[in-house]
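Participant: Number 625 in our numbering belongs to position 485 of the sequence shown; there are no gaps in the numbering.
Derived by calculation from the structure, the hints in this document are not laboratory data. All figures in this text were calculated on a predicted structure; none of them were measured in a lab. Note that the Cβ used here is the ideal one computed from N, Cα and C, for glycine as well. Treat the hints loosely; a few may be bogus.
Pair by pair, the computed Cβ-Cβ distance ranges are [as the list claims (entries may be wrong)]: (1) Lys295 x Ser419: 35 to 43 Å; (2) Lys602 x Asp548: 28 to 36 Å; (3) Lys326 x Lys602: 42 to 50 Å.
With a straight-line Cα cutoff of 25 Å, these simulated DSS-like cross-link-like pairs (lysine-lysine) come out [claimed, not checked]: (4) Lys335 x Lys380; (5) Lys223 x Lys197; (6) Lys573 x Lys451; (7) Lys380 x Lys541.
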Amino acid sequence: MEKDSEISKEKKIKKITQMYYSAPEIQKAIFEFSKKREISPRYFEGFGKRPDILQFKGDVFGLAKKGATSFHASEELWSDPLKIETGMSRDQSDEIRIGWDLLIDIDCEHGIKYSKLAAKAIVETFKQHGIKNMGIKFSGSKGFHIIVPWGAFPKEINGIKTKNLFPELPRKLIAYTRNYSASVLKSILPPEFEKELEGNLKTGYLCKKCGDFAMELRNVEFRCDKCQVFEIRKFRMGTKGKLPTCYKCKNEMSFRPLKKFIECERCKLNSNENPENFSREEKDIYSLMGLDLVLVSPRHLFRMPYSLHEKTSLVSVVLDYEELENFTFKDADPLRVKIKTFLPEAEENEAAEFVMQALDWAKSSGVDKDYSKNASGKYENFKSIKLENLKDTQFPPTIIKILEGVKDGKKRALFALINFFRSIGLEKEELEKRIFDWNKKNETQLKKGYITAQLSWSYRRKPIMPPNFSSDYYQAMGAIPNSEELRLKNPVSYATVKNLEENKKK
141 MEKDSEISKE
151 KKIKKITQMY
161 YSAPEIQKAI
171 FEFSKKREIS
181 PRYFEGFGKR
191 PDILQFKGDV
201 FGLAKKGATS
211 FHASEELWSD
221 PLKIETGMSR
231 DQSDEIRIGW
241 DLLIDIDCEH
251 GIKYSKLAAK
261 AIVETFKQHG
271 IKNMGIKFSG
281 SKGFHIIVPW
291 GAFPKEINGI
301 KTKNLFPELP
311 RKLIAYTRNY
321 SASVLKSILP
331 PEFEKELEGN
341 LKTGYLCKKC
351 GDFAMELRNV
361 EFRCDKCQVF
371 EIRKFRMGTK
381 GKLPTCYKCK
391 NEMSFRPLKK
401 FIECERCKLN
411 SNENPENFSR
421 EEKDIYSLMG
431 LDLVLVSPRH
441 LFRMPYSLHE
451 KTSLVSVVLD
461 YEELENFTFK
471 DADPLRVKIK
481 TFLPEAEENE
491 AAEFVMQALD
501 WAKSSGVDKD
511 YSKNASGKYE
521 NFKSIKLENL
531 KDTQFPPTII
541 KILEGVKDGK
551 KRALFALINF
561 FRSIGLEKEE
571 LEKRIFDWNK
581 KNETQLKKGY
591 ITAQLSWSYR
601 RKPIMPPNFS
611 SDYYQAMGAI
621 PNSEELRLKN
631 PVSYATVKNL
641 EENKKK
């Protein structure tokens, strides 16, 4: 049924793409925004070659006639986007990058109503920090994009060119925005929000230092009744697993739960030593904003203004702030959109106060330390192969099953997914987005630090193939390979064969 739904979505959008992108005003809007940006057309599921640019506004319609369904552009601005090379060093990127826009991507899983409220809270946050010129657009699905132009930012901070502080500075700015906006959002939430989101909005304890939700932990004492050997370990509440064995006699140890406590993973403070640092149990307002810091990464692309969305066939339409309150999906109908500028002219240093306050907060809250831990390595951008026009439908059923989330064998699944994605030449940013999205679907999520460590370990080596289908590796995760997968032996072989078959048909 899900596959039939995808086919119907593809047919629907392909019916309207050529008609929609043939409009001169649509071509002009997309072309004007693309200047100095790396772009990539999307062909329903797969992206086109990178790097790429639009040389003329007619290129938009030309690509649509070849099957392009949407257009995506970089947050980063480049002197010549065609000089971008996969695997460039930091210095090489800095040399040709001339700036970057701050993009806030609101993707609230609780629907458009709460996405609008989150957008209003973020706009108000910017206004309170002296930022007047910003752009707002509908994402095309269930969220909004808010952009602060490069021209608003100071061009140098503490003797370092701001253009070279990507992605770490925009990540700190978004983290600060998320933290500051939470209280603004709380003040404008409707009285019925708790009832509407009952069971969907998690509760927890806020760390007063950084403003993030802390972990609920419990110390557990494990003891060998025979040898009287014991140890104390801390676990997240609700963690399940096998009992450890005594290192002396190898017998299973008994356990005794000890006191529960709260700990902030970022600040390394806990309620045993610093009880005053933690609030009473509160609703997780942050999740309503749906801000994902992982999306701020080198060469990250986002849907361009006035581009269509594959799943909804709606337009990523630009809005005035006054239109946000009453926006409905009908306003994004391809037949009724009106062209507006997404990227306004900014005043020089308009965002200077915002940047300074964000950096002060990042330093005091420990966010600085977080972003020194990003996954990286010598081979992070190495690709042994690069499959063109790759689609999810070309993935092996076993991999698709794992991507839906697993109950057991999450670490095994992570190993297989990282190696599969690297072996088929997925871009680093897309790989990491897929991995973190997959982790959210798991019944019990892996810690972000563990995933980052595994990615870093992988990036220090050339890609290796995931385990073959003939091993018992996948069955342990509840993903049983079919006869075709067994015949093609490996997930990478399967995806390569399917990709070549589809490309030959074109």
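Participant: Would you mind marking each hint as holding or not holding in the structure?
Facilitator: Outcome of the hint check:
Distance hint check for Lys295 and Ser419: the Cβ-Cβ separation is about 39 Å, which falls inside the suggested range of 35 to 43 Å. In this structure the supplied range 28 to 36 Å holds for Lys602 paired with Asp548, their Cβ-Cβ distance being about 30 Å. A C-beta distance of roughly 48 Å is found between Lys326 and Lys602, which places it inside the suggested range of 42 to 50 Å. Pair hint Lys335 plus Lys380 does not hold up; C-alpha atoms about 31 Å apart against a cutoff of 25 Å.
For a cut-off of 25 Å, the pair hint linking Lys223 to Lys197 stands: about 21 Å separates their Cα positions. For a cut-off of 25 Å, the pair hint linking Lys573 to Lys451 stands: about 18 Å separates their Cα positions. The straight-line distance between the Cα atoms of Lys380 and Lys541 is roughly 23 Å, inside the 25 Å bound, and the hint therefore holds.
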